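*Asks:* Given only the sequences and the hints, what does the whole structure look like? Please build it.
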Amino acid sequence: MLIKKNYNINQVTLSLLALLTVGFLFQCSSTPDSAPDKVEPGVKFKISCVGEKATRHHYNPTTGEIRERGPVIFAKDMTCSDATKLDEKEVLKLQRDGEWVGYYAGSTNVLWRGIFKKNKREGDVQYFEKGGKVTKVVAYKDGQQEGREEGYFSDGSIRYKGQNSKGMKTGSWQEYSSPKRECTTEGSYNQDEKTGSWQECSQDEEDKWYISFKGNYNQGLKDGPAESFHPNGKLSGKGSYRADLACKQNPPNEGVNACGRRTGNWVIYYPNEKLAMEGSYDGMTGKRTGNWTEYYASGEKMAMGPRNHTRNGLWTFYNKNGQILGQYGFKGNDFMASQCVLYE
Numbered sequence: 000m001l002i003k004k005n006y007n008i009n010q011v012t013l014s015l016l017a018l019l020t021v022g023f024l025f026q027c028s029s030t031p032d033s034a035p036d037k038v039e040p041g042v043k044f045k046i047s048c049v050g051e052k053a054t055r056h057h058y059n060p061t062t063g064e065i066r067e068r069g070p071v072i073f074a075k076d077m078t079c080s081d082a083t084k085l086d087e088k089e090v091l092k093l094q095r096d097g098e099w100v101g102y103y104a105g106s107t108n109v110l111w112r113g114i115f116k117k118n119k120r121e122g123d124v125q126y127f128e129k130g131g132k133v134t135k136v137v138a139y140k141d142g143q144q145e146g147r148e149e150g151y152f153s154d155g156s157i158r159y160k161g162q163n164s165k166g167m168k169t170g171s172w173q174e175y176s177s178p179k180r181e182c183t184t185e186g187s188y189n190q191d192e193k194t195g196s197w198q199e200c201s202q203d204e205e206d207k208w209y210i211s212f213k214g215n216y217n218q219g220l221k222d223g224p225a226e227s228f229h230p231n232g233k234l235s236g237k238g239s240y241r242a243d244l245a246c247k248q249n250p251p252n253e254g255v256n257a258c259g260r261r262t263g264n265w266v267i268y269y270p271n272e273k274l275a276m277e278g279s280y281d282g283m284t285g286k287r288t289g290n291w292t293e294y295y296a297s298g299e300k301m302a303m304g305p306r307n308h309t310r311n312g313l314w315t316f317y318n319k320n321g322q323i324l325g326q327y328g329f330k331g332n333d334f335m336a337s338q339c340v341l342y343e
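Heads up, the sequence shown is in numbering that gives the first Met the number 0, so the first residue is 0 and it goes up one at a time.
Just so you know, the hints here were simulated from the structure itself, not pulled from any lab data.
Every value quoted in this text rests on a predicted model; they were computed, and no experiment measured them.
Some hints here could point you the wrong way.
In silico EDC-like links for lysine to aspartate or glutamate, alpha-carbon gap of 20 angstroms or less [unchecked claim]: (1) K237 x E199; (2) K132 x D96; (3) K300 x D333; (4) K179 x D154; (5) K52 x D76; (6) K179 x E149; (7) K237 x E272; (8) K84 x D141; (9) K160 x E181; (10) K135 x D154; (11) K37 x D76; (12) K129 x E149; (13) K117 x D96; (14) K300 x E272; (15) K84 x D123; (16) K43 x D81; (17) K237 x E205; (18) K117 x E67; (19) K207 x E181; (20) K135 x E145; (21) K52 x E67; (22) K52 x E89; (23) K168 x D154; (24) K88 x E39; (25) K237 x E226; (26) K132 x E98; (27) K119 x E67; (28) K43 x D76; (29) K160 x D191; (30) K116 x D96; (31) K135 x E67; (32) K52 x D96; (33) K37 x D86; (34) K233 x D191; (35) K165 x D141; (36) K135 x D123; (37) K135 x E121; (38) K129 x E67; (39) K319 x E299; (40) K168 x D123.
*Replies:* As structure tokens, this is what we get:
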């Protein structure tokens, strides 16, 4: 049964005001730190407070856009109000402590998110694409990368995985070509350098993945027996490398990878598995040396002669029937002879 009650209009008004006031107070106290996402150019840092909890905001001094933000802890007897009056140099001395967030340049899209303890990263740091999907997770301990690291494709499947120790890659690592895992690059690291047996993948002209290399590494350089492959899976080369560790201190223009030098006898193949050329490499320089023999794609001998990496000296060329076509003298250019003797 419904009971009708009469209320004084003043009582109703006061009740509504009370409810609105309570709601307003609750909303204000629960509102998160509202420091701006953009400030005037020139500002590098800003402190804002919610109660006695302070958040430090980092800005791009050129554009004034937010770069990262998170909680900080104060020196003894300092209040949040005191912290807001510090100059930028002193503000930066306040230690990060709690969850921090970094942003993509020019936006408020989250780039990374992770925990700090007394100014050092601790636990998992997540990295995101602009759409919000996680791209990788890196574990930290006492400010250094320590433990697992995983990268992800946009569908959430693993793109790569491995372990870190004291900020460096260590142990077994795997990297997958795509979510379908058509090809896997895998091997081991020691203090951020490849070591031991490795299998590596590459993309062909149609962006299809294939195993392109199988061999060994020593301190980040190719070392020992190795095989390379064509996109069709057929062997493209077979021989050995020498890890020139001294070269790492002053690597050539090609980069430090060139310090893994080919050495000794090498055999090179066409994609149809026919022999393409064979000869030796100087392990000190990684360049071709001595006599080399080259073949037609159909398998017959085409030419032979000396090399100092490029053709250098008298070369003999043959037709597919094995008859001599001529002899050509070369001086450091594979395609331009300095002299020739033709045979009829």
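*Asks:* Confirm or reject each hint.
*Replies:* Hint check:
1. A threshold of 20 angstroms between alpha carbons decides the hint, and for K237 with E199 the separation of about 15 angstroms falls inside it, so the pair holds.
2. Taking the CA atoms of K132 and D96, the gap is near 25 angstroms; set against the 20 angstroms cutoff, the hint is violated.
3. Using a Cα cut-off of 20 angstroms, the hinted pair K300 and D333 holds, with the two alpha carbons roughly 17 angstroms apart.
4. Between K179 and D154 the CA atoms are separated by roughly 11 angstroms; this keeps the pair inside 20 angstroms, and the hint holds.
5. Annotation: proposed proximity of K52 to D76 holds, straight-line Cα distance about 14 angstroms (limit 20 angstroms).
6. Of the supplied pair hints, the one linking K179 and E149 holds, its CA atoms being roughly 17 angstroms apart against a limit of 20 angstroms.
7. The straight-line distance between the Cα atoms of K237 and E272 is roughly 12 angstroms, inside the 20 angstroms bound, and the hint therefore holds.
8. For the hint pairing K84 with D141, the CA-to-CA distance comes to about 30 angstroms; that exceeds 20 angstroms, so the pair is violated.
9. The suggested pairing of K160 with E181 holds, with an alpha-carbon distance near 16 angstroms, which does not exceed 20 angstroms.
10. Restraint check for K135 and D154: the C-alpha separation of about 12 angstroms stays at or below 20 angstroms, so the hint holds.
11. Annotation: proposed proximity of K37 to D76 is violated, straight-line Cα distance about 31 angstroms (limit 20 angstroms).
12. Taken as a hint, the K129 and E149 pair is honoured in the structure, with Cα atoms around 18 angstroms apart against an allowance of 20 angstroms.
13. For the proposed pair K117 and D96, the alpha carbon gap of about 5 angstroms is at most 20 angstroms, so the pair holds.
14. Taken as a hint, the K300 and E272 pair is honoured in the structure, with Cα atoms around 15 angstroms apart against an allowance of 20 angstroms.
15. In summary, the hint linking K84 to D123 is not supported, as the alpha carbons are separated by about 33 angstroms, beyond the 20 angstroms threshold.
16. Simply put, K43 and D81 have alpha-carbon atoms about 18 angstroms apart, close enough for the 20 angstroms limit, and the pair holds.
17. Between K237 and E205, the direct Cα distance comes to roughly 25 angstroms. Violation of the 20 angstroms bound is thereby established for this hinted pair.
18. For the hint pairing K117 with E67, the CA-to-CA distance comes to about 17 angstroms; that is within 20 angstroms, so the pair holds.
19. At most 20 angstroms may separate the alpha-carbon atoms for a hinted pair to count; K207 and E181 meet this at roughly 9 angstroms.
20. With a CA separation close to 14 angstroms, the supplied pair K135 and E145 stays within the 20 angstroms bound.
21. A distance of roughly 17 angstroms separates the Cα atoms of K52 and E67; the hinted pair therefore holds under the 20 angstroms criterion.
22. Between K52 and E89, the direct Cα distance comes to roughly 17 angstroms. Compliance with the 20 angstroms bound is thereby established for this hinted pair.
23. For the hint pairing K168 with D154, the CA-to-CA distance comes to about 25 angstroms; that exceeds 20 angstroms, so the pair is violated.
24. About 18 angstroms separates the Cα atoms of K88 and E39, which keeps this hinted pair within 20 angstroms; it holds.
25. For the given pair, K237 sits about 5 angstroms from E226 by alpha-carbon distance, which is consistent with the 20 angstroms threshold.
26. For the suggested pair K132 and E98, the alpha carbons sit about 19 angstroms apart, so the restraint of at most 20 angstroms is met.
27. Among the hinted pairs, K119 with E67 is consistent with the structure: their alpha-carbon atoms are about 15 angstroms apart, no more than 20 angstroms.
28. Using a Cα cut-off of 20 angstroms, the hinted pair K43 and D76 is violated, with the two alpha carbons roughly 25 angstroms apart.
29. About 14 angstroms separates the Cα atoms of K160 and D191, which keeps this hinted pair within 20 angstroms; it holds.
30. Of the pairs offered as hints, the one joining K116 and D96 holds, with about 5 angstroms between alpha carbons and a cut-off of 20 angstroms not exceeded.
31. A threshold of 20 angstroms between alpha carbons decides the hint, and for K135 with E67 the separation of about 18 angstroms falls inside it, so the pair holds.
32. Between the alpha carbons of K52 and D96 the distance comes to roughly 11 angstroms, so the proposed pair stays at or under 20 angstroms and holds.
33. Between K37 and D86 the alpha-carbon distance is near 19 angstroms, which keeps this suggested pair within the 20 angstroms criterion.
34. Distance check on the hinted pair: K233 and D191 sit about 31 angstroms apart at the alpha-carbon level, beyond 20 angstroms; violated.
35. Taken as a hint, the K165 and D141 pair is honoured in the structure, with Cα atoms around 9 angstroms apart against an allowance of 20 angstroms.
36. Between K135 and D123 the alpha-carbon distance is near 10 angstroms, which keeps this suggested pair within the 20 angstroms criterion.
37. In summary, the hint linking K135 to E121 is supported, as the alpha carbons are separated by about 16 angstroms, within the 20 angstroms threshold.
38. A threshold of 20 angstroms between alpha carbons decides the hint, and for K129 with E67 the separation of about 15 angstroms falls inside it, so the pair holds.
39. Restraint check for K319 and E299: satisfied, since their Cα atoms lie roughly 6 angstroms apart, inside the 20 angstroms limit.
40. Taken as a hint, the K168 and D123 pair is honoured in the structure, with Cα atoms around 16 angstroms apart against an allowance of 20 angstroms.
The structure fails hints 2, 8, 11, 15, 17, 23, 28 and 34 (numbered hints given earlier, in ascending order).
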